[in-house]
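Throw the hints in and build the complete structure from the sequences for me.
Single-letter residue listing:
Protein chains: 2
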Amino acid sequence: MEKSNNHLVIMAGGIGSRFWPMSTPECPKQFIDVLGCGRTLLQLTVDRFKNICPQENIWVVTSESYADIVKAQLPEIPETNILKEPCRRNTAPCIAYVSWRIKKQNPKANIVVAPSDHIVMDVPEFERVIRSGLNFTAETDSILTLGMKPNRPETGYGYIQADLSFASARNKEIFRVDSFKEKPDFATASRYVKKNNYFWNSGIFVWNVSTIINAFRVYQPAIAQIFENLIPIYGTPQEQDIINQEFPNCESISVDYAIMEKVEEIFVLPANFGWSDLGTWGSLHEQVPHDVYGNACIGQNISVYDTRNCMIHTTQERKVVVQGLDGFIVAEKNHTLLICKLSEEQRIKQFSEE
Amino acid sequence: MEKSNNHLVIMAGGIGSRFWPMSTPECPKQFIDVLGCGRTLLQLTVDRFKNICPQENIWVVTSESYADIVKAQLPEIPETNILKEPCRRNTAPCIAYVSWRIKKQNPKANIVVAPSDHIVMDVPEFERVIRSGLNFTAETDSILTLGMKPNRPETGYGYIQADLSFASARNKEIFRVDSFKEKPDFATASRYVKKNNYFWNSGIFVWNVSTIINAFRVYQPAIAQIFENLIPIYGTPQEQDIINQEFPNCESISVDYAIMEKVEEIFVLPANFGWSDLGTWGSLHEQVPHDVYGNACIGQNISVYDTRNCMIHTTQERKVVVQGLDGFIVAEKNHTLLICKLSEEQRIKQFSEE
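Chains R and H, in that order, give the protein sequences.
According to the numbering used here, the stretch in the first sequence is residues 12 to 365, in order.
According to the numbering used here, the stretch in the second sequence is residues 12 to 365, in order.
Read the hints as simulated data drawn from the structure, not as lab findings.
Intra- or inter-copy, both count: the list cannot distinguish identical chains.
With a straight-line cut-off of 20 Å between C-alpha atoms, the simulated PhoX-like cross-links for lysine-lysine are:
#, residue 1, residue 2
1, 344, 330
2, 360, 330
3, 194, 273
4, 119, 14
What follows is the structure, given as structure tokens:
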């Protein structure tokens, strides 16, 4: 594996509506210091790759409206590596665009695609797993996904069913995927978790640039044609204007539907590095440190009394006192306050809109 | 009753520690728009007397540190009517000072003394009661208190026991006081409420200036001597300097202990004008309008779901969503957030200090 060939693609176009009021369409969660550690989720995503990728090989695909935030938060990456989608078209067109763009620069590129809004608690293990995956895709034309070992019957994630009897000959921790499973109901998720060959679909993919481009050519020829035609303009002053014209012509489709579920042979690397996609307040509550009563407090000067199992996130408040709550979210940002049972958090999106 | 003789004395030196975080020592509750109506409690207190007292007869006694706030909130009253206590000495020295000060200006003054942090829901009835009291003290050398008809066994107020068989000959709604009762325990308060001759001690007093000055001379000669000696300097440029020297020599004592409990004949005017001393969040919750689920919400854009019996006061927030609470205080001010059961509100002072 040649380090100079390693590229990181960060997808940073999400709007994080379930994390209101911390996350808003103007500044979604990937641009926020969710953990109260001084770095935003986007910055932490880049930080995790500091030993893996050169800075000039880090790419961020985001919407036009977030480009200035990305530039401000990642001053170390080249401005031309921030690719701007003129409209939302889900993940497949996003990945296609950046793949063709990278290929023009380095046909030997070996790529990790990662969302910008996940957290990883065990960064050394993350780094080891990513290196293992990149070594694999440097040598094979394989599509590799990272599968997270589940510790609970989570209904908010898709699952990957692996065939543990078919380990790759080149890498004994990589297995063939039997099938992808959509977000299950609770009974199904409980069944998955009892088995040892079901993993959460993390949305982190590893492949070399030829593999993914060939997959688009075979399974998504219309999308492939659009970006193939634009090869002459990548890296030129006309790039953004022409992308603004052509990108909206792409079908809006996820890479899971467009590629992963169609390709015959896909691989999974099961891993365990304290991962969460931070889709909801509940997932943040589970991942961050708790006091002995199960309270996770992120913010300055938070005092709790007679309080259990609460997620308190008040980074703009100077002093917070919470007495007598059990199982609640308390979140404040930009003069907006939410108090809501964790068990009712699926209603937050509606609350934020009313 | 001559309107030009009517004076209002507002005591505005309290620090409102049980209303944290809305009320802080830097800006206690009397200077805050507690009701969210656009006027502070101090301003509302003045407003209630607009048909009773000329503006030049309104006096505010406060601590030096709040004088600028008073001046800003009451631009209509003469600056020289804001009397500044150099230190806290409870209510008796405060009342003595302003009484001698007023007497020098108008020996026929007829005075209402009122706290600055109470609320009154029925202002026309308040005005009628005050006029009735002032008519009484314009004609008699009596000390009159207003007694509030109790509607619950409140343990946070002192009580006045009246002798309902001794109505004044001059005013049939005014009775002799049998005794003053300190804040009772719950059983005692319940007993009081079942009778018809126990009233909450509102801390609102009515008397003419000679009556109160004579009472000080008889029952508090040391305090009387201090303010008698200063007659030559009231209203002169030296007043504040000399008050700063002499005021600290006064005993720290409430007017209740110093005068009311010593004078042989005191009168009470039982009244019912939606009064609360707003000592606590619970008292505010009881007085202000509720939704059908018992929630009192003061602030912009507050939405409640599955929520009952809550006091929400978030006047600096732009949007607030509360789901799933029953019987809580939610209060935010100056980047300070409190969530606390109403039943635990006696702990708020401690919370604010920790």
